[in-house]
Amino acid sequence: MHATIAEGGTRPSIITERAVVHLYARSKYPDTLRDLSRRLDDIARGAALMTGTEVEIAWDDGAHPSLPVRTNESLTRRWIAAQHRRGRDPLPFGVLSETLAASTDFGNVSFRIPGIHPLVQVSGPDVALHTAEFAAAAATPAAVSAAVDSAAGLAATALDYLSDAGLRAAVHEEFAAQGGPVDVERYFD
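Numbering (my numbering), first residue to last: 1 to 189.
The set of hints was computed from the structure by calculation and includes no laboratory data.
Careful, some of the hints might be misleading.
[What the hints assert, rightly or not] Listed next, the in silico DMTMM-like pairs over lysine to aspartate or glutamate satisfying Cα-Cα at most 25 Å (straight line): (1) Lys28 <-> Glu73; (2) Lys28 <-> Asp60; (3) Lys28 <-> Asp189; (4) Lys28 <-> Glu173; (5) Lys28 <-> Asp41; (6) Lys28 <-> Asp105; (7) Lys28 <-> Asp183; (8) Lys28 <-> Asp42; (9) Lys28 <-> Glu185; (10) Lys28 <-> Glu174.
[As the list claims (entries may be wrong)] If you anchor each label on the Cβ, the simulated ranges turn out as follows: (11) Asp164 <-> Val55: 52 to 60 Å; (12) Ala151 <-> His172: 19 to 27 Å; (13) Ala147 <-> Glu7: 36 to 44 Å; (14) Arg18 <-> Glu173: 48 to 56 Å; (15) Asp183 <-> Val55: 25 to 33 Å; (16) Ala128 <-> Gly87: 20 to 28 Å; (17) Thr104 <-> Ile57: 21 to 29 Å; (18) Met50 <-> Ala142: 48 to 56 Å; (19) Gly124 <-> Glu7: 33 to 41 Å.
For clarity, every value in this text was computed on a predicted model and none was experimentally measured.
Backbone N, C-alpha and C define an ideal beta-carbon position, used for all residues, glycine too.
Throw the hints in and build the complete structure from the sequences for me.
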């Protein structure tokens, strides 16, 4: 859960006419995200009932919540092989938790079609994401080289998928085993 109070008044001793809270929920699994989203609605309605106030709930101006990324390991293995050909040595499966990946609308895409969201290192292990230090590291020649190698790996993976019927079958079999396509637009209805 993440939250900001966008409007909360100007003095702590005054009851404001209006308050605005922005909430952001994440979950590793779509079903728990849907449950958490419904619970947030219930909490807001309950707080309004408890305080004798009104509540208006708006979900991100009509945008759909972001589902977590569903990774296709068959495609990921091909991307790793492409990185090896470029002289890079990605971390093996399971070294980093899947939950370390950032919130992204690509998660929604990955529940419609098979996909991958590989991460590439552009800074040292002591640099946190979304910091000034990370921004500086991302502007270095080493980071540009990592991005180019990663993009080349994605292109090679796409070519493998298009030219290898066995890989396509494995990708789609894995996707089906993960639950197949999800109607993201109606998932939270």
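Hint-by-hint comparison with the structure:
1. For the given pair, Lys28 sits about 17 Å from Glu73 by alpha-carbon distance, which is consistent with the 25 Å threshold.
2. Taken as a hint, the Lys28 and Asp60 pair is honoured in the structure, with Cα atoms around 20 Å apart against an allowance of 25 Å.
3. Between the alpha carbons of Lys28 and Asp189 the distance comes to roughly 19 Å, so the proposed pair stays at or under 25 Å and holds.
4. Taking the CA atoms of Lys28 and Glu173, the gap is near 22 Å; set against the 25 Å cutoff, the hint holds.
5. Between Lys28 and Asp41 the CA atoms are separated by roughly 20 Å; this keeps the pair inside 25 Å, and the hint holds.
6. Restraint check for Lys28 and Asp105: satisfied, since their Cα atoms lie roughly 14 Å apart, inside the 25 Å limit.
7. A threshold of 25 Å between alpha carbons decides the hint, and for Lys28 with Asp183 the separation of about 18 Å falls inside it, so the pair holds.
8. For the hint pairing Lys28 with Asp42, the CA-to-CA distance comes to about 21 Å; that is within 25 Å, so the pair holds.
9. For the hint pairing Lys28 with Glu185, the CA-to-CA distance comes to about 19 Å; that is within 25 Å, so the pair holds.
10. A hinted pair counts as satisfied when its Cα atoms are at most 25 Å apart, and Lys28 with Glu174 qualifies at roughly 18 Å.
11. For the pair Asp164 and Val55, the supplied restraint of 52 to 60 Å holds, since their beta-carbon distance comes to about 53 Å.
12. The hinted range of 19 to 27 Å is satisfied by Ala151 and His172, whose Cβ atoms lie roughly 24 Å apart.
13. Separated by about 39 Å at the C-beta atoms, Ala147 and Glu7 satisfy the suggested range of 36 to 44 Å.
14. For Arg18 and Glu173, the hinted distance range of 48 to 56 Å is satisfied, since their beta carbons lie about 53 Å from each other.
15. For the pair Asp183 and Val55, the supplied restraint of 25 to 33 Å holds, since their beta-carbon distance comes to about 28 Å.
16. At roughly 27 Å, the beta carbons of Ala128 and Gly87 sit within the given window of 20 to 28 Å.
17. Checked against the hint of 21 to 29 Å, the pair Thr104 and Ile57 passes, with Cβ atoms roughly 24 Å apart.
18. For the pair Met50 and Ala142, the supplied restraint of 48 to 56 Å holds, since their beta-carbon distance comes to about 54 Å.
19. Judged by the Cβ atoms, the range 33 to 41 Å given for Gly124 and Glu7 holds: they are separated by roughly 39 Å.
Comparing the model with each earlier hint shows no violations; every hint is respected.
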